[in-house]
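Protein chains: 2
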Amino acid sequence: MWYYAEPLARLIEALHKLPGIGPKTAQRLAFFLMSCPREEALGLATAIVQAREKIHPCTLCANLTDADPCQICRDPRRDRTVICVVEQPRDLVAIERTGVYRGLYHVLHGALSPLDGVGPQDLKIDQLLSRLRDGTVKEIILATNPNAEGEATALYLARLCRPLGLRVTRPAHGLPVGGDLEYADEMTLGRALSGRQEMV
Amino acid sequence: MWYYAEPLARLIEALHKLPGIGPKTAQRLAFFLMSCPREEALGLATAIVQAREKIHPCTLCANLTDADPCQICRDPRRDRTVICVVEQPRDLVAIERTGVYRGLYHVLHGALSPLDGVGPQDLKIDQLLSRLRDGTVKEIILATNPNAEGEATALYLARLCRPLGLRVTRPAHGLPVGGDLEYADEMTLGRALSGRQEMV
Numbered sequence: 001m002w003y004y005a006e007p008l009a010r011l012i013e014a015l016h017k018l019p020g021i022g023p024k025t026a027q028r029l030a031f032f033l034m035s036c037p038r039e040e041a042l043g044l045a046t047a048i049v050q051a052r053e054k055i056h057p058c059t060l061c062a063n064l065t066d067a068d069p070c071q072i073c074r075d076p077r078r079d080r081t082v083i084c085v086v087e088q089p090r091d092l093v094a095i096e097r098t099g100v101y102r103g104l105y106h107v108l109h110g111a112l113s114p115l116d117g118v119g120p121q122d123l124k125i126d127q128l129l130s131r132l133r134d135g136t137v138k139e140i141i142l143a144t145n146p147n148a149e150g151e152a153t154a155l156y157l158a159r160l161c162r163p164l165g166l167r168v169t170r171p172a173h174g175l176p177v178g179g180d181l182e183y184a185d186e187m188t189l190g191r192a193l194s195g196r197q198e199m200v
Numbered sequence: 001m002w003y004y005a006e007p008l009a010r011l012i013e014a015l016h017k018l019p020g021i022g023p024k025t026a027q028r029l030a031f032f033l034m035s036c037p038r039e040e041a042l043g044l045a046t047a048i049v050q051a052r053e054k055i056h057p058c059t060l061c062a063n064l065t066d067a068d069p070c071q072i073c074r075d076p077r078r079d080r081t082v083i084c085v086v087e088q089p090r091d092l093v094a095i096e097r098t099g100v101y102r103g104l105y106h107v108l109h110g111a112l113s114p115l116d117g118v119g120p121q122d123l124k125i126d127q128l129l130s131r132l133r134d135g136t137v138k139e140i141i142l143a144t145n146p147n148a149e150g151e152a153t154a155l156y157l158a159r160l161c162r163p164l165g166l167r168v169t170r171p172a173h174g175l176p177v178g179g180d181l182e183y184a185d186e187m188t189l190g191r192a193l194s195g196r197q198e199m200v
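Quick mapping for you: the protein sequence lines, in order, are chains A and B. Last residue of the first sequence? That's 200 in this note's numbering, and every number before it is there in order. Last residue of the second sequence? That's 200 in this note's numbering, and every number before it is there in order.
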């Protein structure tokens, strides 16, 4: 990369490390950061530093937060008898966006994946179990991803939670809203049929 | 965006301002910057600040550089009788990558575009003309983009440069190497035919 002055080459390299940012995009972003208003470029740098300094996992639910416990764990209007377990903070955000869930969360920060060397000790499972001890929680929703790792993680957690006398649920599989039946894959359509519901 | 803690929301917003980065990608990048090694995230912030502090346009050719004059303008092996005029620093990089050009450059930082309010005074044209005054330069290659703004800019510069007794050229239009004739658009194929060359 001798085509670029050293500081520019280093910026392109740093941008290229971001997920989904190839060399061409990294170059485009770097040139943008050179030509945009100074405050905008420095604003991004400050935002990165500030976020890394102030954001940490909530000691209760492990969601990313700048307060402790986090906003959701502190909210007196949330239903403390249900915990929804998700893999990543972005999954929590996706569920919050639906507006239908008013319980608490627990973020695992990953899913069981023996191939990648991720075992139960690498996830926030101990922290989850200690939250279940005082008997407040009556239901646990295992909202891990509907793929191999997510299913394995849900099964593992279900086995841990059932002996505690909890209701253990998982979000329903089925047809996407607004989708076409003919475009659904066999697995999804099969699950939608076997999980069919009474019309009201 | 009340789903995110304030510093995280601000980081997502700052990333969303980058070109081609939508809200979903901004969120993905922000979560990556929260979970990657601390040095990597802070490294990106430092790279942005350093690049904005150290990089400026070369006083001769207006290419982005951390030295003045830039590496290319200082290089004694470059042919000082030819200047290749480009719109953006990235165009210079694209030409350098070909390895076939050994002359100097001039970066306009834009193209004439009356609709966007970009006139000759907004480009580095005066700076270019002052480089032509001492008579060293014999040829000027107008390598602006082959679109409406680039063509207009090339025509404008050609009219300024011809009275100075310079050879004024423009990169050839034609078929892309490795492309299929049937997929070339009419304009390109027409230019390739009218600009046909003797086989050797």
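Treat the hints loosely; a few may be bogus.
Same chains, same label: a pair holds when it works inside one copy or across any pair of copies.
Stated by the list, open to error - Here are the simulated SDA-like pairs of lysine to any residue, each with C-alpha atoms no more than 25 Å apart in a straight line:
(1) K54 - F31
(2) K24 - V100
(3) K17 - D116
(4) K54 - R28
(5) K17 - R159
(6) K138 - V200
(7) K24 - H109
(8) K138 - T98
(9) K24 - V177
(10) K17 - L155
(11) K17 - D185
(12) K17 - L189
(13) K54 - L155
(14) K24 - M199
(15) K138 - A172
(16) K17 - R167
(17) K24 - Q71
(18) K54 - Q197
(19) K124 - D75
(20) K138 - S113
(21) K24 - T98
Treat the hints as calculated values from the structure; they're not laboratory data.
Comparing the hints with the structure gives:
Taking identical chains as interchangeable, the C-alpha atoms of K54 and F31 lie at most 25 Å apart only when they sit on different chains, with a minimum of 14 Å there against 29 Å within one chain. Taking the shortest Cα distances, K24 and V100 sit within 25 Å of each other only across copies (21 Å), while inside one copy they are farther apart (41 Å). Only within a single protomer do K17 and D116 lie at most 25 Å apart by alpha-carbon distance; the minimum there is 20 Å, versus 34 Å between protomers. For the homomeric pair K54 and R28, the shortest alpha-carbon distance between copies (18 Å) is at most 25 Å, but the shortest distance inside one copy (29 Å) is not.
For the homomeric pair K17 and R159, neither the shortest alpha-carbon distance inside one copy (39 Å) nor that between copies (45 Å) is at most 25 Å. Proximity of K138 and V200 under a CA criterion of 25 Å is satisfied in neither setting, with 28 Å inside one chain copy and 84 Å between copies. Proximity of K24 to H109 under the C-alpha cut-off of 25 Å is restricted to the inter-copy arrangement: shortest distance 19 Å between copies versus 31 Å within a copy. Taking identical chains as interchangeable, the C-alpha atoms of K138 and T98 lie at most 25 Å apart only when both belong to the same chain, with a minimum of 22 Å there against 67 Å between chains.
For the identical chains of this complex, K24 and V177 are inter-copy neighbours only, at 20 Å across copies versus 37 Å inside a copy, given an alpha-carbon limit of 25 Å. Taking the shortest Cα distances, K17 and L155 never come within 25 Å of each other, neither inside one copy (34 Å) nor across copies (41 Å). Taking the shortest Cα distances, K17 and D185 never come within 25 Å of each other, neither inside one copy (35 Å) nor across copies (37 Å). For the homomeric pair K17 and L189, neither the shortest alpha-carbon distance inside one copy (39 Å) nor that between copies (40 Å) is at most 25 Å.
In this homomeric assembly, K54 and L155 never come within 25 Å of each other (Cα to Cα): the closest approach is 34 Å inside a single copy and 54 Å across copies. When the C-alpha separation of K24 and M199 is checked against a cutoff of 25 Å, the pair qualifies neither within a copy, at 52 Å, nor between copies, at 35 Å. Proximity of K138 to A172 under the C-alpha cut-off of 25 Å is restricted to the intra-copy arrangement: shortest distance 19 Å within a copy versus 74 Å between copies. When the C-alpha separation of K17 and R167 is checked against a cutoff of 25 Å, the pair qualifies neither within a copy, at 43 Å, nor between copies, at 44 Å.
Only between protomers do K24 and Q71 lie at most 25 Å apart by alpha-carbon distance; the minimum there is 22 Å, versus 39 Å within a single protomer. Taking the closest pair of Cα atoms, K54 and Q197 never come within 25 Å of each other, the shortest separation being 46 Å inside a single copy and 64 Å across copies. For the homomeric pair K124 and D75, the shortest alpha-carbon distance inside one copy (22 Å) is at most 25 Å, but the shortest distance between copies (57 Å) is not. For a Cα distance limit of 25 Å, the shortest separation of K138 from S113 qualifies neither inside one copy, at 28 Å, nor across copies, at 66 Å.
Taking the shortest Cα distances, K24 and T98 sit within 25 Å of each other only across copies (16 Å), while inside one copy they are farther apart (36 Å).
When held up to the earlier numbered hints, the structure conflicts with 5, 6, 10, 11, 12, 13, 14, 16, 18, 20 and fits the remainder.
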